[in-house]
Structures are given as structure tokens and as C-alpha cells.
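Q: Going down the list, the protein sequences come from chains A and B.
Here the first sequence stands for residues 290 to 546, numbered as in this note's numbering.
Here the second sequence stands for residues 3 to 115, numbered as in this note's numbering.
Just so you know, these hints were derived from the structure itself, not from any lab.
Here are some chain A residues the structure puts well away from chain B; computed CB gaps all over 10 Å: (1) L338; (2) A374; (3) N392; (4) Q421; (5) L524.
Reference excerpt, derived from the structure (chain A facing chain B, CB under 8 Å, subset only): (6) E321; (7) A326; (8) Q329; (9) S330; (10) C445; (11) L470; (12) P509.
Please read these numbers as outputs of a predicted model, since none were measured by experiment.
We treat Cβ as the ideally placed atom computed from N, Cα and C, and that holds for glycine.
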Amino acid sequence: MCDHCGCSTPAPHAHGHAHDHDHSHAHDHDEERKTIALHQSLMAKNDRLAEQNRGFFKGRGILALNLVSSPGSGKTALIEATLRALKDEFRMATIVGDLATDNDARRLRAAGAPAIQITTGAVCHLDAHMVQHALEDLGDAPVDILFIENVGNLVCPSSFDLGERLRVVVTSVTEGEDKPLKYPAIFQNADAVVVNKIDLADAVGFARETALANLKAAAPRARLFEISARTGAGLDAWHAFLREHAPRRPAQPREAG
Amino acid sequence: MHEFGIAETIVQTALDAARAHGAARVDVVRVRIGDLSGVVEEALRFAFESIADGTPAGGARLEIERAPVRCYCSSCGVEFATAPLDYQCPACGAISGDVRGGREMDLVSIEVS
Ligand SMILES: Nc1nc2c(ncn2[C@@H]2O[C@H](COP(=O)(O)OP(=O)(O)OP(=O)(O)O)[C@@H](O)[C@H]2O)c(=O)[nH]1
Ligand SMILES: [Mg+2]
Ligand SMILES: [Zn+2]
Ligand SMILES: [Zn+2]
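Please take these sequences and the hints and turn them into a complete structure.
A: Here it is, written out as C-alpha cells:
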């Protein structure tokens, strides 16, 4: 087929118009060309499914959080610590994305919550469709707070709405103070930024003032938490943040009497 | 990188639209990409060329229009164009958390023949 006009000749030919075959049709490229307006978002499919997930969470009264970070910042450690601390207060479940292993899912189960594993293979982010399938596995179990641990990556997950209510970026003192400046897209609309591993701050010479200034500039909407998932330092403020957003359990009336 | 996924959607949508209009090939594809989309232009071009190759969109020109970051300042009641990491209102100096543009990833139009 001729590459330019679509006529049915077998091989591509030079198109300065030294045709070596006869055209039986009139043939003016400028006139044949036409523009088709499309005006559609390339994320439309994901966004539609994310809205469905959001509706599902709303209908069930579930607070869904999407936790994103670089590999190893401590997403799993933060969720583990939270599950252990709040187990008598909330019914919690987790969905965890991992490229290959189910180590995180096993850690989360050991911390006392159902964990639905999404193995993403070569895909470096979760999308709304994967989460929708994970929700089928969740079944009818009542849940107050759902932690969705995204794949360790600060780039791709920023484009994929999962239908969550809160997006939490986890970073750690070992990653350098300028991290937020390198990944503006993921920080800009974060609802919370958790700076983890503060137990290591002195050891790594963490420049706290610079780091917080960079975070405030890059993540203007975010609540900031400085914590150690290992020692438990700073977790009280994080728990209070979750309580603020979590649905109230019908089993525990707000006011007595 | 998810530029490949985006390029796949671009090529597939363009081919579907071309077919629906009875066109044999796609010559130009125009997209609009926000400065806060996280999309790397070079990666997108490479992915687009690879995926379009061997289809009626092979060799098509990919035109990328950038969409600036746009913030809304609630004190001033104005929207202003800015850049990633700079969310400060030029009029009053307040930091805006209300970003209303810059995350676009849109397929705007195609030219077919
Ligand atoms: N010192 C210290 N180490 C921590 C802390 N939190 C997590 N770690 C360690 O950091 C490593 C990574 O923690 P994870 O919780 O697995 O991090 P993650 O973000 O889930 O990692 P991926 O899922 O692989 O992206 C582990 O060895 C943890 O023990 C902390 O507060 N302090
Ligand atoms: Mg993990
Ligand atoms: Zn990706
Ligand atoms: Zn202003």
C-alpha cells in the first residue's frame, strides 16, 4: 500500500511524485487530508474506573488511602505499625502491589489484617482496574480503613487515580532533602507526606529545615508527619489524622446516653 | 515507564478514529501534555514511534503541545499560569494548593488521509 495516499500498490515508492505506477484516481494530498477532532483524555478509562472505586468506598463507608513512595521508604512498615496500633479501633484491610513477590502481603497479614496481593509484573504502578479486581477478593468483609500500598515508584503512580480518598507520599530521611523537588507531580497533590525513619536522622545528617521547606513548597496541600515506623516516634499524630478522616463505627455511638 | 501505555492508547485511539472515517492512514497526531503530568516527552516520542511502526500510523508526526501549570488563588479569585514547584500567587504571595491545570494527557486531534 502506498504510504501516502493509501492506494493499493504493493511497495512504498518515492513520493516526490515520480510515480512508477498509474493512478486511476485524482490525487491531491492536501485536499485528501482531513483533521479529526478527538479531544479526549488518555487517562479516561482509568479515571472512569477510579470513579467506580470511589463510589464503592463511599457506599461502604471505607476510608481508602493510596500509599506511594520510592522503593524501601517504609510503606509496609508504616502500615504494619498502624495495623498493630489501631486494631481495636478500626476494621482494616490492605491491598498491596508488588512487582514480583508476596513478602509485603505476608508481613501485613502477620500484622493482623487481610492483605490482597496484586502482582504487577513489569508494570510499575497500580491502576484503578487492578484495584477493582482486588476489591472483588475483599468480598463483603466490613472495613473502615483500606490501605492500598502502591508499587515503590514516585513517577508512574502519580498519573493513576485509584479512587482513593487520601494519597499519602512516604519518604525517608535517608533519601535526601531534595526528593520532593525531583518528583513534583507526585508531591503536588499529596494529602499527606510522611517522613519516615527519623530514628536515623542524626546518623545520616538529615537537614531537617531544608527538607521541610522543600516539602512545603512541593506539597502545598499536604499534612506533614515526621515518624519512625520502627520506634513508633511521631505515630500519634498520624493516628489522629486517620481518626479525623475515618468513618465512625456504628457499633460505637458518638455520644453516650 | 508508563509512556508506553500512554502511547498505546494514543495509537489505538488514532487508528480507530481513522478507520471510522474511512481513512487509510494517520499522518499527524496532536496531543496536549501538562507540565505536571510526569510524562517524559522523549520517552513518549520513542514509545509512539515504536508502537505506530507497521500500522497505518507508522511514521506519523507526533505534535506535542505543552499545558502549563495553572493555579487558583482563592484570596485574589484569579487563576495564574506557573511552573511545577512554584505555586505562589504572583499578586498576593499566598501558596495555592488548588492546581487546576497541568496534569493533562489529552489526544487533541489527528490528521488522516
Ligand atoms: N531504621 C528504620 N528502618 C525502617 C523504618 N521503616 C522501615 N524501615 C526499614 O526499611 C526497609 C524498607 O521498609 P519497607 O516497609 O519494606 O519499605 P516499602 O516502602 O514497603 O518498600 P517496597 O514495598 O519494597 O517499596 C526495611 O528494612 C525496614 O525495616 C524506620 O522507621 N526506621
Ligand atoms: Mg512494601
Ligand atoms: Zn508505570
Ligand atoms: Zn493571590
